[in-house]
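Q: Following the hints, put chain C with the ligands in place on chain V, whose structure we already have.
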Amino acid sequence: MTDRAPDGSWGRYPPARHRRWALNHRSDRLPGGSNRVLPFGNGRSYGDVCLNDGGTLLLTRGLDRWIAFDPATGVLRAEAGVLLSEILAFSVPQGWFLPVTPGTQFVTLGGAVANDVHGKNHHVAGSFGEQTRAFELYRSDGSRIVCGPEENGDWFRATIGGLGLTGLIAWVEIRLRRIANPWMVAENRRFANLDDFFALNDDYETRYPYIVSWIDCAAAGKGLGRGIYMAGMHAPPGAPTAPPPARRSLTVPFALPISLVNRWSVRAFNRLYYHLPRPARALTPYQPFFYPLDNLLEWNRLYGQRGFLQYQCVIPPEAARDALREILNRIASSGQGSMLAVLKRFGARTSGGLLSFPRPGVTLALDFPHLGQKTLDLLSRLDEVTRQAGGAVYPAKDARMSGEHFRCYFPQWSTFAKFIDPNFSSSFWRRVTAD
Amino acid sequence: MRNILIVGATSAIAEATARRFAALGARFYLVGRNAEKLAAIVGDLEIRGGQAVHSESIDLDWLEQHPALLARAVQALGGIDLALIAHGSLPDQAACQKSVKMTLAAIQTNALSVISLATELANLFEARGRGTLVVIGSVAGDRGRQSNYVYGAAKGMVGLFLQGLRNRLNDKGVHVITVKPGFVDTPMTAAFEKKGLLWAQPDQIARGIVAAVERRRDVVYLPGFWRWIMIVIRHLPESIFKRLKL
Ligand SMILES: Cc1cc2nc3c(=O)[nH]c(=O)nc-3n(C[C@H](O)[C@H](O)[C@H](O)COP(=O)(O)OP(=O)(O)OC[C@H]3O[C@@H](n4cnc5c(N)ncnc54)[C@H](O)[C@@H]3O)c2cc1C
Ligand SMILES: NC(=O)c1ccc[n+]([C@@H]2O[C@H](COP(=O)([O-])OP(=O)(O)OC[C@H]3O[C@@H](n4cnc5c(N)ncnc54)[C@H](OP(=O)(O)O)[C@@H]3O)[C@@H](O)[C@H]2O)c1
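Top line first, the protein sequences correspond to chains V and C. Letter by letter, the first sequence follows residues 4 to 438 of our numbering. Letter by letter, the second sequence follows residues 48 to 293 of our numbering.
These are calculated hints, taken from the structure and not from any lab test. Just to be clear, a hint being listed does not mean it is correct.
For lysine to any residue, the following SDA-like pairs were computed, each having C-alpha atoms within a straight-line distance of at most 25 Å [claimed, not checked]:
hint, chain 1, residue 1, chain 2, residue 2
1, C, 241, V, 301
2, V, 421, V, 58
3, C, 241, V, 31
4, C, 241, V, 58
One side only, chain C facing chain V, incomplete, derived with CB under 8 Å [to be verified]:
hint, residue
5, 59
6, 83
7, 84
8, 87
9, 90
10, 91
11, 94
12, 95
13, 234
14, 237
For each residue, glycine too, the CB sits at the ideal point set by N, CA and C.
Just chain V, same shape as in the assembly:
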């Protein structure tokens, strides 16, 4: 009962047509011939890194087996199509949690490595690749390369954040972290502007492993950059022993003909969200803390048939304040507000991948209903700011950045290109290397 083709991306844009090749075992062969292929995880990337228009997608969800788990150390090896939600369902009752998780649990291990995803704990744990101990890379010539930070380190660094282009990741090994129970201690603080946000960071980052902020990007003038600061940590032993109540989920049944997300609903939502009373400190189950959106399944359909565009950039520390202010100003004056604007300061850690997105600085993620050219123009105006500030845009969320911008954001792209499997390609890669 889905009208989202199993091979579309989350933003429902751009459209693409594929042949599909379903993998069910890690010993299955890859399709031969000159047909260009690309691994596809669970399609939670917003743009076209998981698309291969006119080519073949290797559907990896059938690779969903456990390979090894050591309950003494938390080291887990599993096939690459396993979802993070499946890992949590297995590990949380045994007192283990993911070392890094993005804002949805419906992503595969392979997808998490290939985009080198980050979470709220970047300032203490780095990105997913930093927590990856090993994986097996399966190339179209039939060779299999086991990679780790030490073993075949060049392939390791090319494949982390490698956007699925270096070959198929067949399995992944990570080390889970100990938790005492499934609960989180969460703290919420309102901040009135960007300066307050930075001040809160200096205070909270030393005390809390999980931090993220929501900002009201419909607010202009004095309220520019106001928002809510959310920090959390796993609850200590002694918290409620009863498991958190099961959450009921709702599914948006089909893509709406027009977007429910528009200028008025965005302004109303943002204002309401900012002023909503919330407890300063509370105990909450881990799901609503990490995955506030996962309860509304297929929520991307709210944006209507035309889909939507995400814009996530990172700005280096020195330039962050001014560039963020400029970006928020440009959005406010365009009248195209973002429903969900998320702000976080990355830690001062270098990511392992040649094309990894996380780097020291502040990252801002925004989503816009796709209104055609005027939305694309707004994002290009944001790119001017990001580029001038020496920042970068996140490929996992992109469907439109220019090749010139990409190569400037990811200067190691030409080193990376040598590791691309000759039979692999993607819509994204063709787009950013075309001009």
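A: Coordinates of chain C with the ligands only, in the frame set by chain V:
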């Protein structure tokens, strides 16, 4: 249901079913023909709670080997409580029409090997005075259609055979279940365009199989709505049915 034999254990439906039994702490003897796939499944089931997971790789078309195969399974498990026969192959109907050899090969895999195993298992269970035999048939076995009557005839033969077995063993403490899935998204149907409401995922079928065992059902259509569809299909008069392009 502690000791479970699964024949055709690399089938997607069988694997999903095994995962559900593993979570209940079952012990397994898994039979398939691909050692690599079997090894991956063994490793997975052990982590899911499967207690002792044995496996063996053999081509099931080799009927003479069946008694020895079952003896090894009994030996390893110390007795079989439940056997699931799941292997099968979907032959190319058009090719079968031109080749008697291919037609008979499809009958061999989908009917004769199943009947051979079911006969041996029924006798084992009867001698022990207990046991549950679960066999995966198909809705395709309920009526012959031009698009897949070779496969359908094999599944139909299995269905009739199991009816007789169930009748014979009714007061011997042995329980026989015929499972008839509709369209399921598995490697067997890789060539089909899997869209629409009629397609089910392997785990839905697995859930139905576990429930059928627990509730001691005889014949189950999975998902359940296929029962109603097949009532209609079975009752269409042949004079009309023969004209349909199904
Ligand atoms: C609600 C929501 C919140 C999100 N929050 C965050 C966040 O906080 N932080 C963050 O970093 N991201 C976030 N994301 C983005 C998401 O985490 C990434 O796009 C992730 O990579 C998606 O994984 P996937 O399994 O769906 O892979 P897909 O989107 O299907 O594919 C992603 C890439 O991985 C490659 N790939 C997939 N499987 C394999 C494999 N087995 N071998 C080789 N390559 C493979 C694909 O080719 C593609 O390039 C969010 C997305 C959503 C929808
Ligand atoms: N999928 C459907 O729509 C559907 C509908 C109705 C009924 N069924 C029935 O459901 C059962 C399971 O099929 P599935 O859908 O799960 O498909 P599947 O994953 O393709 O499983 C079929 C299995 O049978 C094995 N097999 C075939 N011939 C064999 C032989 N000679 N010796 C040993 N093993 C053999 C295959 O082994 P390999 O892995 O080594 O190839 C494979 O594991 C079958 O009986 C099928 O007829 C399926």
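Q: Look at each hint and say if it fits the structure.
A: Consistency of the hints with the structure:
no. : hint           : result
1   : C:241 to V:301 : holds (20 Å)
2   : V:421 to V:58  : holds (21 Å)
3   : C:241 to V:31  : holds (21 Å)
4   : C:241 to V:58  : holds (19 Å)
5   : 59             : holds (7 Å)
6   : 83             : holds (4 Å)
7   : 84             : holds (5 Å)
8   : 87             : holds (6 Å)
9   : 90             : holds (6 Å)
10  : 91             : holds (4 Å)
11  : 94             : holds (4 Å)
12  : 95             : holds (7 Å)
13  : 234            : holds (5 Å)
14  : 237            : holds (6 Å)
Going down the numbered hints, you'll see the structure goes against none, and every one checks out.
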